[in-house]
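Participant: Sequence:
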Amino acid sequence: MPALYVENIPEDLYEALRGRARARRSSIAAVVLALLEESIPTEKELKARQGFLRRLERVRSEKPPAGGPFRHAEEMQREDRAR
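Residues are numbered in this note's numbering as their position in the sequence shown, beginning at 1, plus a constant of 44.
Derived from the structure by calculation, the hints contain no laboratory data. Ideal placement from N, C-alpha and C gives every residue a C-beta, glycine not left out. A few of these clues could be false.
Estimated spans, in silico, between C-beta atoms of each pair [what the hints assert, rightly or not]:
1) R115 to V50: 56 to 62 Å
2) E51 to T86: 24 to 30 Å
3) A67 to E123: 45 to 51 Å
4) L79 to M120: 58 to 64 Å
5) V103 to G63: 54 to 60 Å
6) R69 to L90: 14 to 20 Å
7) P108 to T86: 34 to 40 Å
Can you build the whole structure from these sequences, using the hints too?
Facilitator: This is the structure in structure tokens:
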């Protein structure tokens, strides 16, 4: 497994990392790895996101069913006010 060494980390950033590691009861390396995983998507993650966007675009392009089983918001408001 590749290793990554980082030098010249600003003191305040290092303290923030150390504080987060203590709060999570883990190592600084584990915190840094988690932050990298959250921030930098892998090729697999990018493909999954693209697939999700394609599905979302397809759903958005579909016309809603005419009428549908739901009443209009105005009807529900009138009914609620009449109570």
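Participant: A separate judgement is required for each hint: does it hold in the structure or not?
Facilitator: Cross-check of the supplied hints:
1. R115 to V50: 56 to 62 Å: holds (59 Å)
2. E51 to T86: 24 to 30 Å: Given a distance of about 25 Å, which is inside 24 to 30 Å, the answer is holds.
3. A67 to E123: 45 to 51 Å: holds (50 Å)
4. L79 to M120: 58 to 64 Å: Cβ of L79 to Cβ of M120: about 46 Å, so the range 58 to 64 Å is violated.
5. V103 to G63: 54 to 60 Å: violated (42 Å)
6. R69 to L90: 14 to 20 Å: violated (32 Å)
7. P108 to T86: 34 to 40 Å: Given about 36 Å between the Cβ atoms, the range holds.
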